[in-house]
Amino acid sequence: MTRNASAPFDRDDLADPASAARALLGAHLVRISNRNVRKARIVETEAYWEEDPASHSFGGVTARTRIMFGPPGSAYVYRIHRVLCLNVVVGPEGRGEAVLLRAIEPIAGIAEMEVARASQTVGAREPRGVALTNGPGKLCQALDVTMDWYGTDLIEGRSLGQNGRLVLEARPPADFIRVGRSPRIGVSKAKEEMMRFYIKGNPWVSPRKGDE
DNA sequence: ATGTCGATTCCCT
DNA sequence: GGGAATCGACATA
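Quick note on numbering: our numbering labels position 58 of the first sequence as 58, and the sequence is numbered without any gaps.
In short, the hints are calculated from the structure, not lab data. Bear in mind the structure is a predicted one, so any value in this text is a computation, not a measurement. Please note that a few of the clues may not be correct.
Unchecked claim - Pairwise CB distance ranges, derived in the manner of DEER restraints: (1) H81 <-> S159: 39 to 47 Å; (2) R125 <-> R181: 28 to 36 Å; (3) P92 <-> R178: 25 to 33 Å.
Quick reminder that beta carbons are idealized off the backbone N, C-alpha and C, glycines included.
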């Protein structure tokens, strides 16, 4: 028995989008590079399901979305405006389902996250505190998630050459959470669907009206 | 070849 | 709470 024992994330918890989005709350996202280890707790997610008009997979496979139809646990990284966003592919292979990681709470390697954010952010201001990781684009900057990670398996988290490793770990058993739910952010279709999930009261959850 | 449109972020009022 | 930045994906021709 070691202290700080970490268990792998259970791939079976990615069986369907809504329950996967819940299951990923409290799980840890770990970024290991040659120089440092950055660790964070997932505090906000959104589910995108088969036949969801707001999903990138709606309308079928394209070069950009092909990994959404791949095995659950795969990373789907895409560019929007100036930034990248990270998704976990979920559901049975071939359905095009995924969970968007919208916000994380830094646990370790915070100084390294600040450096990574400052070097990639467009504004002149240096991101600190909750602004470090309280959005889907921000968390990718903080963890140096690039398109190189497209298609990598986040459960096994195998190392990607010089880039290191990006891996999910199970929520620690002692970390009890209360889950809140709301419509998704920024989508123009299926607006009313309550498919955004977040840890109630967590400061890193992206600020939205109606949240606790 | 050209036009439209974001699963966003930042800065300003 | 509003608008600009900014660029690749995708649709249309």
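Right, here's what the structure says about each hint:
1. The supplied range of 39 to 47 Å is broken by H81 and S159, whose beta-carbon atoms lie about 30 Å from each other.
2. A C-beta distance of roughly 32 Å is found between R125 and R181, which places it inside the suggested range of 28 to 36 Å.
3. The supplied range of 25 to 33 Å is met by P92 and R178, whose beta-carbon atoms lie about 30 Å from each other.
Of the numbered hints listed earlier, the single one contradicted by the structure is hint 1.
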